[in-house]
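Input sequences plus hints: build the corresponding full structure.
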Amino acid sequence: MAYPQDAAVQPPALRIDALGKKCPLPIIMLAQRIGEVPIGNVIEVLADDPATKTDVPAWCGLKSHEFVGAGELAPAPGWAFRIRRSY
Amino acid sequence: MVYFDAASAEPIVPAARAALLAALDDGWADPIRLHREGRRAALLLEQARERAASVLACRADEVSFTNSGTTACHLAVLGAVLARQSQARGPGHVVASAVEHSSVLNAVARLEDEGSRVTLVGVDRDGRVNSAEFAAAISEERTVLACLQSANHETGTIQPAARAARACQAARVPLFVDAAASAGRLPLPEGWSLLAASGHKFGGPPGVGLLAVRKGVRWKSPLPPDSREGRRVPGFPDLPAIVAAAAALEDASAGRADADAELRELTDLIRDRLPVLLADCVVHGNRAFSLPHIVTFSCLYVDGEALVTELDKAGFSVSSGSACASEAAQPSHVLAAMGALTHGNVRISLPAGTTRESVETFLAVLPDIVNRLREAVSRWV
Chain A
1 MAYPQDAAVQ
11 PPALRIDALG
21 KKCPLPIIML
31 AQRIGEVPIG
41 NVIEVLADDP
51 ATKTDVPAWC
61 GLKSHEFVGA
71 GELAPAPGWA
81 FRIRRSY
Chain B
88 MVYFDAASAE
98 PIVPAARAAL
108 LAALDDGWAD
118 PIRLHREGRR
128 AALLLEQARE
138 RAASVLACRA
148 DEVSFTNSGT
158 TACHLAVLGA
168 VLARQSQARG
178 PGHVVASAVE
188 HSSVLNAVAR
198 LEDEGSRVTL
208 VGVDRDGRVN
218 SAEFAAAISE
228 ERTVLACLQS
238 ANHETGTIQP
248 AARAARACQA
258 ARVPLFVDAA
268 ASAGRLPLPE
278 GWSLLAASGH
288 KFGGPPGVGL
298 LAVRKGVRWK
308 SPLPPDSREG
318 RRVPGFPDLP
328 AIVAAAAALE
338 DASAGRADAD
348 AELRELTDLI
358 RDRLPVLLAD
368 CVVHGNRAFS
378 LPHIVTFSCL
388 YVDGEALVTE
398 LDKAGFSVSS
408 GSACASEAAQ
418 PSHVLAAMGA
428 LTHGNVRISL
438 PAGTTRESVE
448 TFLAVLPDIV
458 NRLREAVSRW
468 V
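Protein chains in written order, with our numbering: chain A, 1 to 87; chain B, 88 to 468.
Please note that a few of the clues may not be correct.
[Claimed, not checked] Sample of chain A residues at the chain B side, in silico, Cβ under 10 Å:
(1) L19
(2) C23
(3) P24
(4) I28
(5) Q32
(6) G35
(7) T54
(8) D55
(9) A58
(10) L62
(11) K63
[Said to hold, decoys possible] From chain B, some residues computed to sit far from chain A (all C-beta separations above 12 Å):
(12) M88
(13) D117
(14) E149
(15) E199
(16) R212
(17) G278
(18) G303
(19) D390
(20) A439
(21) V446
Hints listed in this document are in silico derivations from the structure and should not be mistaken for laboratory results. Virtual Cβ for every residue (Gly too), placed ideally from N, Cα, C.
Laid out in structure tokens, this is it:
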């Protein structure tokens, strides 16, 4: 998994730390806070529950937000997911 | 209690129960001995084999009984590859769908550890394997085995196994069909080379698997030699359970159309009503190609384990592919391969004889349970 290039240059407007939290908590945090960023801006979720690898993109599909991509966190296991608020 | 977990184990059917009790009296002896008791046991065993073979539409000597569907899958995969590799130059290429049962994927992973090249073919949003991708994978050089389930155990999605079989025949690659989810429910896809099924999934007792290897398909036991079960499965067989499983398989496949129509109506009811009754609930798969008795859905913002526990308290036994509800603490590889939401997942699989009333009651209690759990979990954030 890697960020598309444009996402790498645009810093996230908000970062959510969901490390150590099991699904569905990271998804609930994302849903509760995406409204805090302006439409078109990117929100980043840090998470290490393996279920988030599937559930963050699946949530974006269900809620019609744009899943920008995911990068692996180094050295700690986990991922940084980026989501663009669409509406 | 209402039991909605037939895909884990179908309650034992009366025909199987009667056969089991009779075989406990007549089939306890060692069927390979030459004495009277042994011959009587051997007769029961061979009758069971004939009955199973007739439902599977293959020859009796192609069928062996194992102690589980998992063992049958392990033996099918490892034995087919072992037989073909001994004649090839070193390890070959093995193809399987990404949504096979864990027993198949674990056997394939073992082969990969031992040097085989493995291709896992992905699925679409409904959990269906792309036939063109599958055919392309098996046409790669030195492919020694292809594995495709007849239907998926978690979503009920029916796979294009007959089309895969035609591609395999053209490429001269043996096809292993894990038919555990559909045996006794659907006619088997034509053209399989090896097949596995599991007795407790069609109303037999636990502890019986079926392994079938077609004549002319090369297969070599990955275990030390043993004379039993056509030299394919070692050890003294559980004869009463085998006799009962064969009776269950026959019983399941007879009168299937009526039973299926009833179950289909009930899973359709769940598919139609759930999204109306419950916000943020996704029903997976496509009813146009799914088993009649299975329906799987995920509820956003709910912990799957909590949902299974609350449903159990409310009197409904269901299973879940969510990570916290599984022993591996990993989300379902099937849901992940489909790109489907893995948390808040519930699989409903209806046993024969499920009443419309029990499904209506389930649909009446589920929304409250889900909404209560959503309120509780949102306080944790």
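How the hints compare with the structure:
no., hint, in the structure
1, L19, "violated (14 Å)"
2, C23, "holds (4 Å)"
3, P24, "holds (4 Å)"
4, I28, "holds (5 Å)"
5, Q32, "holds (6 Å)"
6, G35, "violated (14 Å)"
7, T54, "holds (4 Å)"
8, D55, "holds (6 Å)"
9, A58, "holds (4 Å)"
10, L62, "holds (6 Å)"
11, K63, "holds (9 Å)"
12, M88, "holds (27 Å)"
13, D117, "holds (48 Å)"
14, E149, "holds (39 Å)"
15, E199, "holds (20 Å)"
16, R212, "violated (9 Å)"
17, G278, "holds (33 Å)"
18, G303, "holds (42 Å)"
19, D390, "violated (6 Å)"
20, A439, "holds (33 Å)"
21, V446, "holds (25 Å)"
Of the hints listed earlier, those the structure fails to meet are numbers 1, 6, 16 and 19, in rising order.
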